[in-house]
Structures are given as structure tokens and as C-alpha cells.
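Residues per chain, in single letters:
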Amino acid sequence: MIPEKTIESLVLETHGGEISLTLEIINLVKSFPGFTLGPIDLKLQDNTIMVLIGPTGSGKSTLLNLIVGLTKPDKGSIHINDVDITNTPIESRRIGYSFQNPSLFPHLNVYENIVFGIRKSIRDNKRSQINRLVESFGVSNLLDRDIYALSGGEMQKISLARMLVTKPKIMLMDEPLVHLDTKTRVQLRKDLRRILKEEGVLGIYVTHFEDDVYALADSVSVLEKGVIKKTDTLKTMLTFPNNQPMSTSSLSEFFQKDHNYLEGCVTDSTNGITTFKVGEHEFEILGDYPIDSIVGVLIKPEDIILAVDYVRTSARNIIKTKVAAIYASNIKTGILNIHLVINNISLVSRITQESKDHLKIIEGEYVYAIFKATAPHIVREEKKGYKIS
Amino acid sequence: MNNTRFINFKLVICVLSGIALVYIIYPLFSILIFVEPNNLLESLTRPRVIDAFVLSIGTASVSTLLIALFGIPLAYCLSRYKFPGRSIAQIIIVIPLVLPPLASGALLLGVFNPQSFLDRLFPNVEFTQSIIGIIIAQTYVASPFMILASMAAFDSVDKSLENVARVLGKRNLEVFVRISIPLAKKGILIGIVMTWIRAIGELGATLMLAYNPHTISIQIYEDNALGGLSQAIPGIILSILLSIVLVIVYSIIVKKSSSDTRKNNRIFSFGDPWWRN
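These protein sequence lines map, in sequence, to chains A and B.
Heads up: the first sequence at position 17 corresponds to 17 in the UniProt record's numbering, and the numbers run straight through without jumps.
Heads up: the second sequence at position 135 corresponds to 135 in the UniProt record's numbering, and the numbers run straight through without jumps.
Derived by calculation from the structure, the hints in this document are not laboratory data.
Each hint should be verified, as a subset may be incorrect.
What the hints assert, rightly or not - Below, simulated DSBU-like cross-link-like pairs (lysine-lysine); rule was C-alpha separation at most 30 Å, straight line:
hint, chain 1, residue 1, chain 2, residue 2
1, A, LYS72, B, LYS159
2, A, LYS167, A, LYS384
3, A, LYS197, A, LYS383
4, A, LYS72, B, LYS256
5, A, LYS230, A, LYS372
6, B, LYS82, A, LYS75
7, A, LYS167, B, LYS82
8, A, LYS183, A, LYS75
9, A, LYS372, A, LYS300
10, A, LYS235, A, LYS225
11, B, LYS82, A, LYS126
12, A, LYS225, B, LYS159
13, A, LYS126, A, LYS383
14, B, LYS185, A, LYS120
15, A, LYS120, B, LYS82
16, A, LYS120, B, LYS159
17, B, LYS256, A, LYS75
18, A, LYS225, A, LYS43
What you are looking at is a predicted structure, and each value in this text was computed from that prediction instead of being measured.
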């Protein structure tokens with residue numbers, strides 16, 4: 001057993017300044033009748049947000065329970081900055097945990113719920129911190145309410161705020177948004193990523209929704225039947241060629257098959273058209289987004305048309321690319337995926353065999369990839385400056 | 001056809017319910033026949049009746065406190081911890097409820113009689129025919145009410161709330177005091193009231209263990225045995241008055257706690273009083 005002092009001082013130390021935070025899981029195993037989780041090895045640093053995606057029953061919640069201490073592992077260990085916390089009691093780990101249900105205390109009002117984790121004697125000193133989070137989640141008008149009078153979204157915001165005011169350095173989230181309506185979920189997801197970044201929290205977010213991955217993840221891990229099948233950054237995970245093997249594996253269950261993901265910085269936004277820059281290339285999308293914000297978009301392969309010569313067209317995006325590979329799409333016979341690259345950008349276009357023959361597209365040649373500003377589907381929007389690990 | 005059948009059903013229910021209610025309330029009025037209005041007040045304030053009444057209230061309160069002190073932790077333990085013999089323990093706690101009180105009294109007499117090991121261990125303590133004896137008898141027979149009610153109350157508390165509190169950095173004791181107890185409050189309070197009522201009404205075990213000094217139950221028993229029902233009237237009337245107070249207290253607890261813990265906490269309840277519907 002680790003003396004608590006070590007954990008406390010560790011947390012204080014990491015709160016203090018720029019000292020980095022590492023969560024490391026080594027060879028963690030937990031068996032239940034008929035199901036075994038692990039062995040799991042995982043290393044996360046600083047304020048990365050990792051989204052853990054996997055089907056129901058893959059052991060996602062169990063992994064979180066192990067990290068927070070609600071479940072004891074059979075084997076393996078969990079370390080925060082090289083301090084073994086495997087046998088540290090839950091209350092001393094200082095790891096935040098947000099459950100699927102808001103689990104608010106029914107006998108306390110909203111404010112009392114939020115400050116529950118802060119000792120009475122230091123609540124006054126923490127007032128600015130409490131206020132900041134309350135404002136961040138937009139619940140300052142609810143503070144003296146009874147919790148029964150709240151909507152599901154409000155409850156979940158308060159639940160998250162309650163956890164975050166205790167200043168955890170690590171925050172585990174078990175599908176906290178799953179029971180909310182779509183509109184609330186989209187908004188809260190955006191807020192959540194912003195707040196986690198502002199608070200500098202290392203987050204593990206469990207989900208079985210693809211959208212959560214796009215909106216929240218710095219890195220993605222896929223858990224299946226108790227084993228982590230793949231871990232990578234969101235960009236790598238979604239960008240060809242890395243996503244190519246995915247389409248034939250179980251990963252394709254979670255991500256749109258062979259889609260294109262572009263992430264860049266907004267340089268201009270006028271008359272409802274926003275320009276964002278990926279490397280040295282500029283793309284245009286519909287909508288207004290703040291200049292300097294980061295946007296992530298998905299483009300369906302069938303929305304990208306190819307031309308061998310430069311053409312004047314109404315489509316606002318036209319980019320000269322090199323054909324890196326041509327392969328049969330697994331969607332339907334006679335349909336081909338054309339893999340295009342230019343600098344760090346990688347795109348997939350889906351065309352028929354006929355078109356390919358007609359245009360005489362061959363590997364190594366240059367073609368123009370064209371798509372309308374309406375084609376990209378925005379999946380991520382955030383302020384610039386969040387460190388993406 | 002169906003309609004008539006339904007009406008008949010309703011009629012049967014109403015008649016049976018009516019008989020049951022009359023059966024319960026009728027004795028309260030019939031006792032008035034024996035009341036002699038001229039000296040009622042005088043007989044109500046008869047010192048031996050008042051003393052017995054006060055003794056009952058005092059001992060029942062002490063007994064309830066003692067049962068709460070040991071019984072609530074036991075209830076929590078049985079509700080939360082898994083250990084070998086847990087199901088046996090859950091059966092053991094019901095024994096005083098199932099045993100006829102006279103038998104309980106006899107068992108207690110076996111433990112606390114003047115020749116017993118305990119009596120020799122504490123030679124200066126009067127375990128029988130004393131206030132301590134009364135309390136021993138009351139705590140034994142009344143304990144299941146507190147333990148069962150509290151256990152059901154703890155069972156109904158959402159365990160995930162306790163886990164959240166722990167994740168928020170609270171130690172077990174603080175989780176118990178700030179989450180488990182407040183959320184189980186209603187069931188525990190009902191347990192306390194039921195325990196107290198049982199202790200006040202206790203006769204059988206007390207008869208065996210501590211006939212003297214007289215509690216109100218023993219006073220009524222003795223007055224009736226020696227002088228007939230009319231002699232027992234003062235004790236009976238005081239008991240009825242106390243019952244009315246207890247019914248009111250009970251309904252206040254139920255009402256207050258249900259407004260505290262609406263919706264997601266369905267806590268052990270003996271039901272709401274009829275006037276709340």
C-alpha cells in the first residue's frame with residue numbers, strides 16, 4: 001500500500017505547474033465468470049483526451065472501474081507518475097469519475113451537490129474555481145434548485161462540474177452523455193472538451209458512438225472482447241492508409257468506412273463561407289466559425305470527384321493530388337477507391353471502374369480532387385491552442 | 001354482466017374493510033362504559049399510574065437509543081458487507097420478533113438470573129426486578145423493528161451514490177454520515193418510532209424479568225387482575241392518548257421524509273397515512 005502522503009503530494013505537485021502527468025497501466029487483468037479483461041497496457045500523458053470505443057460488453061466500464069478503484073484487478077498495476085496506486089483506496093486516488101447516470105445526491109440541492117467534494121473549511125478559498133466551472137457549464141442560474149426540477153442535460157452538467165471542482169488530474173467518463181437528446185449531446189460534448197482542456201485534465205472517455213470520437217478525442221483506443229485492439233491519435237486513426245485495414249476489420253463498425261477526415265485552422269470566415277487551412281492547402285466549408293479555431297470535417301469518398309485537367313466549376317474546393325493507390329471498394333463490385341495524397345493530406349475518392357478507365361487514372365499520376373463546400377460534414381470545432389498529443 | 005360482477009366485488013371489499021375498521025376502533029369507544037367521569041381526573045393522576053407511565057416512557061427511550069446505537073451499524077453491516085454467515089445473521093435478528101415475548105423473557109432470565117454468570121461478574125448490578133431488567137427485556141424484543149427497518153432503508157439507498165462520494169474523496173465514515181444515513185433517514189426514523197412503540201407496549205418479557213418496578217403495561221395488567229377493568233382504566237386512557245401522539249409523529253415523519261426524498265428514492269415505508277391521499 002502506498003502511503004497517502006505520496007499521492008497527495010503528487011497531486012499537489014502536478015497541480016503546481018508544468019510538471020507532466022503520466023497515467024500508466026501495466027498488464028492489467030480482471031476476470032469474471034465468462035469474461036476476461038486484459039491484459040491491458042496503456043500510457044497516457046498530460047491533458048490528452050483518449051476516447052475508448054468498443055461494443056457493449058467489451059469491458060470499457062470495467063477498465064474505468066479498475067482505474068478509479070471500484071474494482072480490484074487480479075493482476076497488473078496502475079501508476080500515476082510512476083507511483084503505484086493499484087492498492088490505493090478510491091478516496092485517495094483523486095481520479096474523477098463520471099457515470100452514465102448523473103448520480104446526483106437527491107437530498108442536496110444543486111450547489112450542495114457541486115461542492116460536495118470540497119471540504120467546508122476551504123470552500124471560500126475555492127469560490128473562484130467553483131464559479132468558473134459553474135459558468136463554464138452554464139448552470140449558475142440553477143444553484144439553489146432542487147435536483148428533481150432539472151432536465152437530464154442539466155443533471156449531467158452538474159454531475160460533471162461536481163467532479164471537476166475537486167480538481168482531479170485524471171477524469172474518467174463512462175458515456176456521460178448517452179441518455180441525453182441529440183442537441184444537448186452535441187453541445188455538451190463541445191463544452192466538455194473545452195472544459196477538460198481549460199482545466200488541463202487527462203481524460204478517458206468511454207463510448208460506443210462514433211460522434212463522440214470525432215468531437216472529443218485526441219487519441220482513440222478500440223477495445224474489443226476485453227483487449228485493446230488499436231490505439232492511435234484521432235488523425236492517424238481516421239486518415240488513409242491507416243484506416244484502410246480498418247475497413248476489413250472490426251474497427252469499421254465504429255467508423256464510417258473509408259471516409260476522409262481533414263482537420264485545420266480557420267483563416268477566414270465571411271458570407272457564410274469558412275476557409276480553413278491544412279498544411280499549406282486551403283479548403284472552404286459552409287458555416288461561420290471563429291478565425292483561428294480548429295475545425296475537423298468528414299468528407300464522404302463519393303462526394304469527391306476527380307478530373308484529369310483543371311476545370312472551372314462551381315465547386316469551391318479543387319486540389320491537385322497524386323494517385324497513391326487504386327483498390328476495389330468492398331461496398332459493391334465495379335466501385336473503386338482512389339487513394340490520393342498531397343503533402344500531409346490524404347483523401348479517398350470513390351468512383352466507378354468505368355470512370356477510372358475513361359479518365360485513364362493510374363497510380364503515380366496527378367489528378368484534381370474536387371468537392372463542394374457543402375460536402376464536408378463538420379464533426380469537431382474548438383479553440384486553437386489546445387495541446388493535441 | 002361484467003359490470004354487476006365488478007360492483008359485487010367492490011361491495012365485498014367495502015364490507016370486509018368496514019368490519020375490519022370497526023373491529024379496530026370499537027374497543028376504544030367501548031372502554032368508555034367503564035369510565036367513571038366523576039373521578040376520572042383524580043384516577044388519571046393517581047401516583048402509581050403516573051409513575052408507571054413515566055417509567056415506561058423513560059425506559060422505552062433508553063432502550064430505543066441503545067438499539068439504535070448497536071442496531072443501525074448492524075443493519076448497515078448486513079446490508080453492505082458480504083461475509084460468511086451473513087444470511088444466518090439475517091435470520092438471527094428476526095428471532096426476538098418470532099419468539100413469544102414470554103419465551104424471550106424466560107431466555108433472558110436464563111442469562112440474567114441472580115445465579116447466572118453475568119450476575120456473578122457484576123455483583124452490584126441488579127439485572128432483574130429493576131429498571132435495568134426492564135431495559136434488557138425491551139431492547140431484546142424491540143430490536144428487530146429497528147434492525148429490519150434500517151436494513152431495508154440501507155438496501156434501498158443507491159450504492160452508486162456512495163461510490164460517487166468515495167470518488168469525490170470522502171472516507172467511509174463520511175460517506176456513511178453524509179450519504180447513507182440521510183438517504184436512509186426515513187426508514188431509520190420509522191424504525192425508531194416502531195421500536196419505541198414496541199418497547200412501550202412490552203409486557204411478556206418484562207413480566208418474566210422485571211415485574212417490579214411497574215411499567216404501564218404491567219400496571220394495567222395488575223390493576224385489572226386485582227380490581228377489574230374499571231381499575232385499569234387510567235392506565236388504558238393514558239396509553240390511548242400516547243398512541244394518538246405516536247400516530248401523529250409517525251405521519252409527520254412519513255410526510256416530511258417523502259417530500260425530502262421524492263422520486264428516485266423509494267424508501268422502506270409502512271405506507272402513507274390515509275389522509276395524505
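Right, here's what the structure says about each hint:
For the suggested pair LYS72/A and LYS159/B, the alpha carbons sit about 17 Å apart, so the restraint of at most 30 Å is met. With a CA separation close to 23 Å, the supplied pair LYS167/A and LYS384/A stays within the 30 Å bound. A distance of roughly 10 Å separates the Cα atoms of LYS197/A and LYS383/A; the hinted pair therefore holds under the 30 Å criterion. Annotation: proposed proximity of LYS72/A to LYS256/B is violated, straight-line Cα distance about 40 Å (limit 30 Å).
Between LYS230/A and LYS372/A the alpha-carbon distance is near 33 Å, which puts this suggested pair outside the 30 Å criterion. Annotation: proposed proximity of LYS82/B to LYS75/A holds, straight-line Cα distance about 23 Å (limit 30 Å). Taking the CA atoms of LYS167/A and LYS82/B, the gap is near 33 Å; set against the 30 Å cutoff, the hint is violated. Proposed proximity of LYS183/A and LYS75/A is contradicted: the alpha carbons are some 42 Å apart, above 30 Å.
Distance hint between LYS372/A and LYS300/A is fulfilled; the C-alpha atoms sit about 11 Å from each other, no more than 30 Å. The suggested pairing of LYS235/A with LYS225/A holds, with an alpha-carbon distance near 25 Å, which does not exceed 30 Å. Among the hinted pairs, LYS82/B with LYS126/A is inconsistent with the structure: their alpha-carbon atoms are about 39 Å apart, more than 30 Å. Annotation: proposed proximity of LYS225/A to LYS159/B holds, straight-line Cα distance about 27 Å (limit 30 Å).
Note on LYS126/A and LYS383/A: the hinted pairing holds, with a Cα-Cα distance of about 26 Å set against a maximum of 30 Å. For the given pair, LYS185/B sits about 23 Å from LYS120/A by alpha-carbon distance, which is consistent with the 30 Å threshold. For the proposed pair LYS120/A and LYS82/B, the alpha carbon gap of about 33 Å is over 30 Å, so the pair is violated. Distance check on the hinted pair: LYS120/A and LYS159/B sit about 24 Å apart at the alpha-carbon level, within 30 Å; holds.
The suggested pairing of LYS256/B with LYS75/A is violated, with an alpha-carbon distance near 49 Å, which exceeds 30 Å. A distance of roughly 20 Å separates the Cα atoms of LYS225/A and LYS43/A; the hinted pair therefore holds under the 30 Å criterion.
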